[in-house]
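Visitor: Protein chains in written order, with the working numbering: chain A, 29 to 473; chain B, 29 to 473; chain C, 29 to 473; chain D, 29 to 473.
Any given hint could be a false lead.
Treat identical chains as interchangeable: a pair holds within one or across any two.
Unchecked claim - Here are the simulated DSBU-like pairs of lysine-lysine, each with C-alpha atoms no more than 35 Å apart in a straight line: (1) Lys121 to Lys64; (2) Lys249 to Lys109; (3) Lys435 to Lys64; (4) Lys435 to Lys121; (5) Lys435 to Lys109; (6) Lys249 to Lys435; (7) Lys249 to Lys64.
Honestly, the hints are just simulated from the structure, not real lab data.
Protein chains: 4
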Amino acid sequence: MAEFFSTVDAVRYEGPESDNDYAYRVYDADRVVLGKTMREHLRIAVCYWHSFSWAGNDVFGAGTFDRPWIDGELAPMDAAKVKMEAAFEFLTKLGVPYFCFHDVDIAPAGDTFAESRRNLEVMVAQAEQHMAETGVQLLWGTSNCFSHPRFAAGAATNPDPEVFAYAAAQISAAMEMTHRLGGANYVLWGGREGYETLLNTRMRQEADQLARFLHLVVERKHELGFAGTLLIEPKPQEPTKHQYDYDCATVHGFLDRYDLAEEFRVNIECNHATLAGHSFHHEVAYAVDNGIFGSVDANRGDAQNGWDTDQFPNSVEEVSLAVYEILRGGGFDTGGFNFDTKLRRQSMAREDLFHGHIGGIDTLAQSLLVAAELLERGTLESLRDARYAGWSQGLGAQILAGEHSLKDLEQQVASGQLDPTPVSGEQERLENLVNRALWRAIAAG
Amino acid sequence: MAEFFSTVDAVRYEGPESDNDYAYRVYDADRVVLGKTMREHLRIAVCYWHSFSWAGNDVFGAGTFDRPWIDGELAPMDAAKVKMEAAFEFLTKLGVPYFCFHDVDIAPAGDTFAESRRNLEVMVAQAEQHMAETGVQLLWGTSNCFSHPRFAAGAATNPDPEVFAYAAAQISAAMEMTHRLGGANYVLWGGREGYETLLNTRMRQEADQLARFLHLVVERKHELGFAGTLLIEPKPQEPTKHQYDYDCATVHGFLDRYDLAEEFRVNIECNHATLAGHSFHHEVAYAVDNGIFGSVDANRGDAQNGWDTDQFPNSVEEVSLAVYEILRGGGFDTGGFNFDTKLRRQSMAREDLFHGHIGGIDTLAQSLLVAAELLERGTLESLRDARYAGWSQGLGAQILAGEHSLKDLEQQVASGQLDPTPVSGEQERLENLVNRALWRAIAAG
Amino acid sequence: MAEFFSTVDAVRYEGPESDNDYAYRVYDADRVVLGKTMREHLRIAVCYWHSFSWAGNDVFGAGTFDRPWIDGELAPMDAAKVKMEAAFEFLTKLGVPYFCFHDVDIAPAGDTFAESRRNLEVMVAQAEQHMAETGVQLLWGTSNCFSHPRFAAGAATNPDPEVFAYAAAQISAAMEMTHRLGGANYVLWGGREGYETLLNTRMRQEADQLARFLHLVVERKHELGFAGTLLIEPKPQEPTKHQYDYDCATVHGFLDRYDLAEEFRVNIECNHATLAGHSFHHEVAYAVDNGIFGSVDANRGDAQNGWDTDQFPNSVEEVSLAVYEILRGGGFDTGGFNFDTKLRRQSMAREDLFHGHIGGIDTLAQSLLVAAELLERGTLESLRDARYAGWSQGLGAQILAGEHSLKDLEQQVASGQLDPTPVSGEQERLENLVNRALWRAIAAG
Amino acid sequence: MAEFFSTVDAVRYEGPESDNDYAYRVYDADRVVLGKTMREHLRIAVCYWHSFSWAGNDVFGAGTFDRPWIDGELAPMDAAKVKMEAAFEFLTKLGVPYFCFHDVDIAPAGDTFAESRRNLEVMVAQAEQHMAETGVQLLWGTSNCFSHPRFAAGAATNPDPEVFAYAAAQISAAMEMTHRLGGANYVLWGGREGYETLLNTRMRQEADQLARFLHLVVERKHELGFAGTLLIEPKPQEPTKHQYDYDCATVHGFLDRYDLAEEFRVNIECNHATLAGHSFHHEVAYAVDNGIFGSVDANRGDAQNGWDTDQFPNSVEEVSLAVYEILRGGGFDTGGFNFDTKLRRQSMAREDLFHGHIGGIDTLAQSLLVAAELLERGTLESLRDARYAGWSQGLGAQILAGEHSLKDLEQQVASGQLDPTPVSGEQERLENLVNRALWRAIAAG
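With the sequences and hints as input, model every part of the structure.
Guide: Listed below in structure tokens is the structure:
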């Protein structure tokens, strides 16, 4: 078997002082933090699409990457096998426990659905073998129902029910394959479930279609005996002008309304959060607080660009707060941190794949240490407890228990019994506490 | 009684050829369009706060406006009476059927809640008299629970239950006064119901508080026998970093989750829509499609500025599409178009109040004509019908009726029975149709 | 010769009442407005790239368009000839006077530069023949120095001088061909003249390189005897994180600093203006006021999306103000309105190309009528004259003439001689005047 | 003399392990880094306006802060004296070397300019005494020419030349006072030098006015013998829709065009950079590279809010890269880091002023250590050197020396001599290097 990353050996933890570009400075898979190993906390996955299936093209230019498994003159299925070898070599050298894929990432589409399915079956068998040999597992599978022209106007929300049926077929097969590979989750990203113009769109009709589709997905899950979690990935726009799964709050409302909240969790992407006008911290905190948190796509955006740049996470300041909320909520269940992330188009060397992932993984590990420091000291939680203390007793508890009407409260205020004095929200002090924890955690190593 | 706008007479419809700055060119209150007068369709209201209570100050500078009823050295209650005279002179000269107010707009806060309430009662009695004399009615009332320092950390969502109680008192009184004045609606805008930093915030706790508050509002409404509609006004941010009533979809989810959807409708503001990353058209269409549409604050934003500029609507292109969705949904019930709008700080002359309102009202009237033209021709709806026709019969109808599982559909696709061909979404043609309707309606006058 | 648009005949002016989707309602090429025909005012061009060379692909999906001249299995040069036939059929049916192209749009790249140049020469000869037959002329030519991987880190601003040389070669040839075809202008768009990360970038070094390049372009222009105008197209970002030609003010400063301002004008794109945080109106007014206005790419953006959507102009409200400034500045010299515009990916039918262009052209024509109405009435200009009157006499004139020092002025103010009274900026009234002109112009037809 | 911050003693360096909220963990004024003390590197200033002159009001609500020197019932000049005592107590306890002020921050406006100037003289004398007693120095002075209604339409760019004269008077006096106090710089921020609507604006006329004004400022500077630096502060918008000093590139172009570049430097604010669509890093790098860098207002924005939040810097990740560029350019000359920063409206306790400043100062100090680490290792610079090496020899050097024409280069490429191969830009690796330096510096303490 050819070696595709011959300049790089297995990436190991070498500690903060290492000068080796191909080593972890923070991520030490077996290191125990708050009772679990870093591997167990972070559940890191590498995605197939941007890392192995994408050649570096953008809408203004051709692919730039040195990826022999893409550019080759091989027949499609041969190319798929070579790509899988490269992928598992990379996964193994990187030392991460999981990968993720779309159906079309691992198996080429055929001329018919039946042929596509046969291709997928062949490649899933190959994947089983690679997984057995390497111990790499599947964090989640998914189906690409947005690239082919038939999905131009959406998949489940397409005005043409035959397109709904085609998407159903793809997802039926992709769930089956995910189940076969022991996937921990199955993801639905509604890439074109939205609209380009309201002039030709009925939003409520399309919402009903989408809900019907998701109910079918739930039924199929149970029929298969798939024990993983179903995940929806919010994104506000791009490729469509507006995507229905806009953000966590929108998805939450939709799931509740259509009686789907028991069966779905959200897969939050940092860059999708920021495109929706939220911080990553906000989206994670919202999901954790409301019991819909599932998994994370860890890629960041560029604060100056209005599209999804899908870059590797490199801000411990940004990621720590999200990890804090995840830990506060009990940590990942079946989810994990997936790298749905793109190299820059100029990062054309194969080694750049390592640089991106190593930097991203160390950022997650550093963020874990910071979040653990914050949790262990408990300062933030005790200040939050104190701030809301009034609601667990006396007037606050009575109000929540329904013991006061608006008119009652008016009379109490009118009588002069109640005259609240505002107190400082202490935002600056809290921000200092976070930075101090961040610096302490980094210094402690 | 002094005259405050002595340079302007009653503003009348003079038709498109008029050269009079103080005349309507399009708004002809008694003109019948699609079976109702313009007055009945648009239900135009002028707001008290920006138009009469604001002096033109911003965070960088002092007030600039020539408003003797603000600047005067009068005692607060005397000033309130003078302000009300000015307001009703303006409303009458403008010839609009409605006004709107916050409690503190019409009556000064006293040293205690009891005094504030007494001031409010006095001014409501004055308002009753002005309304009787002029025929102007109340579109909605509301309470300002965001300006006073006690509300710095929110009203219903405040960490201090006493602040919740204080807001309850204010709103109890304001609803009572709105009822007394025959208001058609009561509005809640959660100006500081949100957070400045997540570090000191429990979002779920605050959501529970807010829901409890709204249930109390509903009870109070029924206790009062108030027949108007309760309205929530979405806004994504400003003054707070994040407001909970982010957009229509978020509010919709919240209302459903807390069993409040039967009792509340949304009051959509164009500028809040755009700050949330949506078009005005989107927010209105979402609300109409999902049965939560209530009323509109018609002010636009500035596409280059990231804060609420609250300017008078002047884009027929933007407003027509929103009016189209409103008409398609049956038009306003108790709602209407309120001018929650600000003059520019340089527009310091009293006449500028007329320019802003006249231009805004003509924009609404022109938009009504455009929307009516689109509806009467029926082209958009018939194209939408055709686009979704597949869902009302055959496969589409079966899918929605639950007659196919994912696996069934996979088998049909695998067998080659289904292979959808994408068709054009015709966005450019539809946009042309809208422009043609717009130009035809304008030309028809 | 095959017909590619057999369902559409020549598009003609049929007036506002026409129900024909394939007719102009406003654009009447020979109609005289302010002393020139509409054709002469607007100088409309159709671009080759999005209209003929793009298949409807985006970063999330494959091409969707029905374009036999792209999808065919023809040899590259045969395909190029077929494409040119389709293009000229379209141009002729649309009845526009100009087209625009990049080198690679009309001629396929060869294995070597020499072969690419030979291909280009062949296709230029073909174009000459088509132009002679149809009377269509060339508004401008340009060279694509951003799609090929060699330009990933820029062309003139590349850290590798050999890439600078390669770009020089391409542009040398493209200018020569533009000159041969009688092009009225030559455009430079710095697609990747910018940076992805400052960490590897020297901005000043790259600015010096760019200036050197532009001086070479000027020399080459004069050597060729090319009488057209050299145009730079500002864009703030995309594909790169930051483009150096950010906006008109930035380009203006650059041209002045490097002594290039005499030789270059700007080609302003509406969507680039909005991505840079400006209105289209602003960018045009800036360029006209500062003597650097050249030409326009007329495509609009989507206010809710943060990338270049390059849609056909359809807002008369937005375009009229830009046309007003252009007319105020004397109208186009060698420039014109180019449609650097994209269909939506769902607009997959060949007819959609007509819908987009017809709607866009009528929008420009309608905007011309509005701008002419504004200019002829003269209201805006006379109000501006009045507002600044103080600067053409007395104190204002003295100040501009350098007759007062800061200390002099302080003494005058201190003595009480000067105490300015602010006056209304009348923004709302002016906005009403514009809408009234807009409605009058549309009604007048 | 009353003590205003009695709960806080002098803030001292206590190192990373300290649990004292009122201590520095990183900022150790006398610690030497790269040959200078932290005090000398950072030149930290506290501003008067947000910290002492602002009560916590916003456009939606009243002031919330506990500031007896604002709320008191004292006569204006007495209040100004009390405020100055509070300010110098704070400055002294914080231990920073500089402060900054606007004229109206320290001295109340009188009924006439002459009275305002007398007030200012009195307060400047007081300031001299405080400065002598405490050793605190003046980083810069400035004049508020944007809050008073007379400046609603701008100061130097006002359509009324009398307003220009009034601004001239204020700035003449403020420069004199700054000179008297030994200020190191004088700042001009064009708060309302811009437009609200282009409909009433002549941009070129206003640019000419502004240039004239700045030339008068230069003359006055030399007349006074003021040796400090004149600084312009770019900001793209807010309060006006568009400000002329949009960003560094725009200011640079303006200064060059009007022959002012020798006399002015820029005062860059992080939050203004982000509002203009740039990173803070970009604006600093641009200014340093182009020789116009002067000083910094260190406050950050909120990435989710579209207005100037002016918060204390708390991101070492963001600030380090800016400090790196500053050090690379030789460090501050007369400039420094000013805290033009606002507490949140909920931060109503006087102690919050300490939290904000301490956190911000430690962020700057930490960033200095990171930048020093990057500079000392030299990795970034050596990689940049290598990347551009081609331009200092051979072909690159010849091109820059003007030895090749476009046609020459075309011939070389056509002959096959030149065929560049793209190389990786290594963005991910560089980002990892920065994070490694950041973590090393923090760990090293």
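Visitor: Hint by hint, note whether the structure agrees.
Guide: Status of the hints after comparison with the structure:
1. Lys121 to Lys64: within (23 Å within a copy, 45 Å between copies)
2. Lys249 to Lys109: Classified as within; 28 Å inside a copy, 53 Å across copies.
3. Lys435 to Lys64: neither (52 Å within a copy, 40 Å between copies)
4. Lys435 to Lys121: neither (68 Å within a copy, 38 Å between copies)
5. Lys435 to Lys109: Answer is between; shortest inter-copy Cα gap is 28 Å, intra-copy 72 Å.
6. Lys249 to Lys435: between (51 Å within a copy, 11 Å between copies)
7. Lys249 to Lys64: Within one copy only: 30 Å inside, 53 Å across.
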